[in-house]
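Asker: The lines below spell out each chain.
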Amino acid sequence: MTTVPQPDRRTSGHPTSAAAAGTRLDPWLGSYAERTGGMRASEIRALFSVANRPEVVSLAGGMPYLARLPLDQLSDIAARVVAERGLVALQYGSGQGDETLREQILEVMRLQAIEAHPDDVVVTTGSQQALDLVTRVFVDPGDVVVAEAPSYVGALGVFRAYQADVVHVPIDEHGLVPAALDETLTALAAAGRRVKLLYTVPNFHNPAGVSMATERRPQVLEIARRHGVLVVEDDPYGLLGFEGEPRPALRSLDDEGVLYLGSFSKTFAPGYRVGWVVAPHAVREKLVLASESAILSPSNASQLTVSTYLATCDWRSQIKDYREMYRERRDTMVGAMADLMPSASWTVPEGGFYTWVRLPEGLDAREMLPRAVTALVAYVPGTAFFFDGRGADHMRLSFCYPTPERIREGVRRLAGVVTAERDLVELFGSSGAVPRDSVQAPGPDLV
Amino acid sequence: MPEVRPAPTVAVLAGGLSHERDVSLRSGRRVAEALRGTGLQVSVHDVDPDLVPALRQLRPDVVWPLLHGASGEDGSVRDVVQMLGLRVLGSDARASRVAWSKPVAKTVLARAGVATPEYVTLPQSLFRDLGAAQVLDVLVARLGLPLVVKPSRGGSALGVTLVTTRDALPAAMVECFSYTDTALVERAVLGTEVAVSVVDTGAGPVALPAVEVVTDGPYDYDARYNPGRTEYFAPARLGPDVAAAVADVAVRAHTALGLRDVSRTDLLVDDAGVPWFLEVNVAPGMTETSLLPQAAEAAGHDLGVLYRSLVDAVVAR
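Protein sequence lines correspond, in order, to chains H and D. Here this note's numbering is used: the first residue of the first sequence is 12, the next is one more, and so on. Here this note's numbering is used: the first residue of the second sequence is 219, the next is one more, and so on.
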């Protein structure tokens with residue numbers, strides 16, 4: 012019998028027994044908390060390091076195209092904030108966030124029919140921190156979070172970090188399917204599972220690109236209420252629709268059962284890391300306490316800069332400008348896929364940054380990624396957006412960052428990759444991919 | 219009066235367009251930091267259209283390619299550096315090219331009398347010509363199971379799969395061919411995985427203590443670059459005879475392949491204590507979790523001093 016040694020994860024520090032003959036690279040191997048077991052760098056992340064090179068067309072990342080921002084004005088604003096209010100901007104601030112900014116946030120949310128009080132708003136370090144706080148406050152290890160299939164990779168990473176179990180509910184071209192949600196929640200209740208949150212991205216879904224139909228919104232809220240499940244509405248893209256008026260937010264229909272997560276990252280700039288959560292009074296108290304224990308207070312410098320921007324610049328026109336630019340890029344991407352990659356199928360998003368592409372039968376997006384990187388094009392494999400290893404037959408393509416010419420070139424390269432991969436899979440009649448872990452700690456590229 | 223020579227200048231090359239770009243960037247940063255700590259002027263360059271003009275202008279005394287994968291290890295970037303009339307730390311282009319191909323390196327080592335797992339190399343086109351299922355059947359009949367499927371070139375264990383059943387073989391081949399067009403399939407040797415780094419600071423190649431790699435599964439990319447998943451022991455927990463045997467294999471690999479300055483040989487030691495040669499790296503990883511720095515530290519070397527003496531040896535060459 013051949014013996015293959017195994018790592019010793021039980022002993023912390025420098026174990027004296029097995030390791031007596033050598034030093035251990037990581038003396039704390041035995042000390043890590045159980046929840047860090049799910050955090051790791053993946054080869055996908057490594058492959059993405061190439062995506063930053065100018066030769067590569069990256070259809071992977073969710074970075075807004077900031078070249079459209081009035082950088083001169085923003086530079087003046089930053090200077091003014093320090094010159095005129097430096098002693099506030101550079102000091103610790105309120106755990107709940109700057110009051111003026113919270114009032115301005117109400118104005119932004121009114122565009123989606125949300126009525127709230129400034130006291131209901133908690134400013135966070137990006138809405139990613141809001142996700143972290145909400146999960147920390149509500150989820151015990153083993154609790155269930157229900158999320159769309161697929162779902163935002165950054166949220167799945169948070170749920171995993173808090174040792175939640177995520178159960179996916181199907182979506183179609185009109186978003187979350189109410190009947191399927193009801194069925195899933197009923198089955199979970201029958202199985203004695205504790206479901207704490209329904210996590211949804213109702214507008215211009217990341218990664219699926221679809222939006223929840225207006226008539227489904229009250230149905231979803233009714234089902235959640237009936238099952239006693241709190242709804243987390245994550246809405247970074249709500250104002251980035253290409254057609255018509257924004258749909259009413261779930262929060263506009265229910266101010267007790269919904270936590271609304273908003274962000275300036277996509278409508279303005281992610282570098283300030285300013286997001287927010289709107290919550291019922293009691294929940295909001297808990298969120299503020301949790302935020303204070305995590306970060307004391309969100310950055311005053313960032314908040315005052317964003318606040319001054321909202322007060323002195325035409326932010327509505329900026330959003331309109333973004334919308335028109337992203338619409339052109341969406342059109343280019345969808346058009347290029349129709350011309351060059353007809354063997355695949357995809358969603359046509361009415362806003363946001365992403366389209367969700369189904370690969371031809373038998374292809375595995377994760378296995379195909381190295382070939383794509385060799386061909387100088389990058390995407391995110393669908394497996395990143397599921398908690399349970401599904402999604403290999405899909406990939407997420409983003410059209411937010413590359414110019415239309417680059418998008419077309421990227422799709423052309425991808426079409427070649429798909430053809431080569433199809434040949435390979437036909438050759439071996441592959442019966443599925445080499446199994447690997449699904450959810451990884453998300454890199455900034457995956458957002 | 220003794221002549222005062224200015225400290226040599228070093229250009230570290232890191233990054234590149236390979237699948238191992240990330241590892242290479244980290245290696246480059248680590249080496250540059252260590253060398254700067256010894257008072258050297260070090261610049262770090264990516265492999266892009268700015269590289270040749272930068273090297274022409276800087277005329278560094280030594281160019282240290284820390285590029286992993288593709289043009290970094292196959293010799294082609296080294297060729298260009300040599301054509302510019304600059305000195306390369308590490309193997310020259312020709313030797314790199316030989317070592318870079320795993321099957322060629324295995325053949326050379328087998329001829330030198332070193333045990334290496336039985337293997338075949340299979341280009342993707344062969345499967346098309348002969349029919350995949352039949353080739354795979356022949357493969358299993360000949361080499362048995364378990365097998366290791368890996369790209370014939372490339373590192374960081376990308377595209378490598380340990381296959382224990384015939385059913386798992388097609389998926390492993392697809393994964394491998396996503397990285398490169400030729401697969402190396404070898405009989406899996408089970409046992410203790412060790413890596414032996416070799417350095418030559420002017421007095422001939424010397425093996426550093428073997429580093430033992432212990433993981434909870436195959437030593438794949440995930441295991442390599444996630445400190446918690448893998449445990450390393452430096453020096454490896456081997457008896458003195460076996461430790462001497464693995465050191466001997468690494469030095470023989472370095473010599474037989476005509477390598478220079480630095481290399482790392484990966485081996486498996488079976489239950490009988492026999493070392494099996496797997497592959498050799500002409501640009502071994504130099505990240506904080508990499509094997510060569512661990513080995514050097516286990517031998518009591520200060521990394522800065524060791525890297526500096528490698529640079530000095532190249533200048534004196």
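Wrong hints could be hidden among the right ones.
[Said to hold, decoys possible] Label pairs and their calculated CB-CB ranges:
id: 1; chain 1: D; residue 1: E251; chain 2: H; residue 2: A191; range: 31 to 39 angstroms
id: 2; chain 1: H; residue 1: P129; chain 2: D; residue 2: P271; range: 51 to 59 angstroms
id: 3; chain 1: H; residue 1: V93; chain 2: D; residue 2: R535; range: 34 to 42 angstroms
id: 4; chain 1: D; residue 1: D355; chain 2: H; residue 2: T414; range: 35 to 43 angstroms
id: 5; chain 1: D; residue 1: A351; chain 2: H; residue 2: T414; range: 39 to 47 angstroms
id: 6; chain 1: D; residue 1: E251; chain 2: H; residue 2: L300; range: 56 to 64 angstroms
id: 7; chain 1: D; residue 1: P271; chain 2: H; residue 2: T414; range: 37 to 45 angstroms
id: 8; chain 1: H; residue 1: A202; chain 2: D; residue 2: P267; range: 55 to 63 angstroms
id: 9; chain 1: H; residue 1: P38; chain 2: D; residue 2: G491; range: 48 to 56 angstroms
id: 10; chain 1: D; residue 1: D355; chain 2: H; residue 2: P38; range: 46 to 54 angstroms
The hints are simulated quantities; they were obtained by calculation from the structure and are not laboratory data. Just so you know, even glycine gets a beta-carbon here, dropped at the ideal spot from N, CA and C.
Asker: Next, verify each hint and record whether it holds.
Answerer: For each hint, the structure was consulted:
1. D:E251 with H:A191: 31 to 39 angstroms: violated, 54 angstroms
2. H:P129 with D:P271: 51 to 59 angstroms: Given about 56 angstroms between the Cβ atoms, the range holds.
3. H:V93 with D:R535: 34 to 42 angstroms: For R535 (chain D) against V93 (chain H), whose Cβ atoms are near 55 angstroms apart, the range 34 to 42 angstroms is violated.
4. D:D355 with H:T414: 35 to 43 angstroms: The hinted range 35 to 43 angstroms is violated for D355 (chain D) and T414 (chain H), with Cβ atoms some 50 angstroms apart.
5. D:A351 with H:T414: 39 to 47 angstroms: Cβ of A351 (chain D) to Cβ of T414 (chain H): about 45 angstroms, so the range 39 to 47 angstroms holds.
6. D:E251 with H:L300: 56 to 64 angstroms: For L300 (chain H) against E251 (chain D), whose Cβ atoms are near 41 angstroms apart, the range 56 to 64 angstroms is violated.
7. D:P271 with H:T414: 37 to 45 angstroms: violated, 27 angstroms
8. H:A202 with D:P267: 55 to 63 angstroms: Given range 55 to 63 angstroms: holds, Cβ gap about 59 angstroms.
9. H:P38 with D:G491: 48 to 56 angstroms: violated, 29 angstroms
10. D:D355 with H:P38: 46 to 54 angstroms: holds, 48 angstroms
The structure fails hints 1, 3, 4, 6, 7, 9 (numbered hints given earlier, in ascending order).
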